[in-house]
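Novice: The residues making up each chain are set out below.
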Amino acid sequence: MRSIRRLLFFLVLSGVAACGGSDDGRESLSVLNRGLNTEPESLDAHKARSLQAADVLRDLGEGLVSFTSTGELTEGTAESWEVSDDLLTYTFHLRPEAKWSNGDAVTAEHFVFSVKRLTDPATAAFYAQFLVDVTELRAIDEHTLQIMLKRPTPYLLSLLTHPSTFPMHPGALAEHGDGFARPGKMISNGAYVLTDWVPGSVLTLNRNEYYWNNANTAIDEIRHHISSQETAEYARYRAGELDITSSVPTDNFEQVRRDNGDELHIAPYQNIYYYGYNLSKPPFKNSPELRQALSMAIDRELLVEKVTGRGETPAYSWVPPGVDNYEPTVFAYAPLTQDERNQIAQTLYAEAGYSKQKPLRLELRYNTNDTHKKVAVAIQSMWRDVLGFEVDLINEEFQVLLANIRDKEVTQVFRSSWVGDYNDAHTFLSILQSQNAANVPGYASEEYDALLLRAAEQADLDRRRLYMEEAERVMLADHPTIPIYFYVSKHLVKPRVAGWGDNVLDYHYSQHLSLKAAE
Amino acid sequence: MLLRLLGAIPTLLLVIVLAFLMVHAAPGGPFDDERVLPTDVAANIQAAYHLDEPLPQQFTRYMAGLLRGDLGPSYRYRDYTVSELIGSGFPISLQLGALAMALALLVGISSGTVAALKQGSMLDRVVMSLAMTGISIPVFVVAPVLVLLLAVKLQWLPAGWSGESGFAKFVLPVITLALPQIAYIARLTRASMIDVLGCDFIRTARSQGLGSKAIIRVHALKPAMLPVLSYMGPAIAAILTGTVVVEEVFGIPGLGQFFVRGALNRDYTLVLGIVIFYAALIISLNLVVDILYGFIDPRVKQR
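Going down the list, the sequences are from chains A and B. Residue numbering for the first sequence follows the working numbering, beginning at 1040 and increasing consecutively. Residue numbering for the second sequence follows the working numbering, beginning at 269 and increasing consecutively.
Treat each hint with caution, since some may be false.
Said to hold, decoys possible - Which residues of chain B face chain A? A partial, calculated answer using Cβ under 10 Å: (1) G296; (2) F299; (3) A411; (4) V415; (5) A419.
What the hints assert, rightly or not - Below 30 Å or equal to it, Euclidean Cα-Cα: the simulated DSSO-like pairs (lysine-lysine) are: (6) A/K1447 to A/K1395; (7) B/K421 to A/K1533; (8) B/K490 to A/K1555; (9) A/K1413 to A/K1395; (10) A/K1138 to A/K1155; (11) A/K1412 to A/K1345.
Don't read these hints as lab results, they were simulated from the structure. In this text, a Cβ means the ideal position worked out from N, Cα and C, and glycines have one as well.
Given the sequences, and given the hints that come with them, work out the whole structure.
Specialist: This is how it looks when you write it as structure tokens:
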């Protein structure tokens, strides 16, 4: 008996001893605690994919071009560039003072090496086709890089801010192979270095002393805490353990807004929330009237005001507002009142062959999530009130929904979304091209494809824009999807954090931030 | 004993086969995402991870690796192998589970004993009601409430795991995890202790002048512990599964969290690796419990 009690006592003691650590005199360091809602699947920029991985990668690395805190393009590792008259050759001049975290200089060859590895099938990179319009990268000398294009690509500079285009250090890869993206092994050219990674918990980044702009990096240490539960993250923010959250709980949003005032940052975000139609099967296959009717019967203003209520904007176009050099085309019926739209919707519904005696039988699928459920329930009641049919709501686990969407067997209407990869309308318009794998409704319009192709051939930016806007008009009239609203980014930021810039890409580089001294 | 060990191997094999089939039966794959990949990029990645091979071939490949001790790379966390993730998560879950078990045994056995000694009194009724409450309220209700109260409002304890480097971060998760077990063990102990205290040999000891404390310590506790010991198997299993919710709420990077994420991410190798690890663990623990049983109660015949 005594021995069992002793054993228990020893267990408790060892538990206490094993985890008793101490803050090893790091009080003099300035530390920023950020919330990250998903663990990065990799910090090898070629094996990464998620937005969260890109957030951390942007602190660790730097591309030719970068963004300011308010989302404007600015010089990165390249200090200047020229474009040829035919817009097919870009020449970048790298900063001579750009260095890796081990003191080596960053050279043009490192960019060439990186893109070679990105496109190499053996790497199995998710963004392998990101630079599909680039025919060649050439290192003219140590600090001059030339990029040759197939056709004018106005968004090339935007592409070159993406982590998959960051340079790679050949030495690190030679020494550690594919396992280089770990603390102590990784060599980075950005403002920070990876010093620790506890899987599932926290990533610790420390100042890269060799970074060319290190003098302007205010904070010494960044900790990205992985916090997948919004409510748990909010609790940690309120307890003072996090300075910045990655999101805000959707329940009791009004309460959160009231309690936190200026600390709540809501900003437009280039991300569309939409319902897709399965165009390969009835009832939507050959029924443009029905597709339009369902879209018109939704009161988007009511949805964003009363159901989601976080500052989202109703979507009457496919491309979000705020995209560079583009004015989204809107539905022809956008200027009408909701009552007028409802009337037209009812007429179209009847034209499609449905009535009170013969109502539409429909299934709406969405992935398990509070917001999606609320939106679906609201839309269900709108369709019931205006058109007189009851849609079946089916919520599925995310992977199951994705598989169903891909198989196109059981889906009819399903919820989806799309985030822009770069600041140009092309990233939104291209996914509805008939051959694009991300074309989940299965939209196939020769006219649309042709217009986008013409747009891609234009050297004149204004003509290109006109073709894209016309393409969007054509597509919207076909109603392959129901755009519902455009997202907002939402963060809580403590008052002691300075330099936070709301921007439509939701990029927040840690090097732009600083901590105000405590009063 | 040796026979029992050998018998465990087919069990483990069955677990592996079943888990493999189940994991691949779930719709979706490790590389599916809303941001759909271009077709040839997707095909290339599937091939790189041998997911385009027929299932039996994939299984043989996995078993070959397993026999070499290689649990494979994580399909989702491409910088880490499954062994590394298990090696990172298990010590944390173990600490959590062991502390919770220790707390549960300590508090459960003492309160159950006290309740048994004071059977029928107000104290007995209070303890048993608390126990009932502890069993009834789910972990995912208790945890956020405790966090709100003790971490956010009173700021006595940390709300998350990754900010603190001391012992304080264990307190809330361990209490949350232990509560249902305290309740079960208290009730078990009380019932069992009442039984034992009614036995002849206890009456004999009392008639010989032994006080309550001595009676409990020397004569009653060991036999009363038998049901508790039998409960250890399911208790450990309950704590293992309980860690999943607790780890999720507190953001603790333990095996439970990796398991759930692995399942949701269709990270086949990670899920399989953890299943095999847990299976081997539980099989060995059952063996240990069997042996312990023989030591505690000499009346149990050794087979």
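Novice: Does each hint hold? Answer for all of them.
Specialist: To see whether the hints hold, each was checked on the structure:
1. G296: holds (3 Å)
2. F299: holds (8 Å)
3. A411: holds (9 Å)
4. V415: holds (5 Å)
5. A419: holds (5 Å)
6. A/K1447 to A/K1395: Within the cut-off at roughly 28 Å; holds.
7. B/K421 to A/K1533: holds (18 Å)
8. B/K490 to A/K1555: violated (62 Å)
9. A/K1413 to A/K1395: This hinted pair holds, its Cα atoms lying about 26 Å apart.
10. A/K1138 to A/K1155: holds (21 Å)
11. A/K1412 to A/K1345: Since the Cα atoms of A/K1412 and A/K1345 sit roughly 14 Å apart, the hinted pair holds (cutoff 30 Å).
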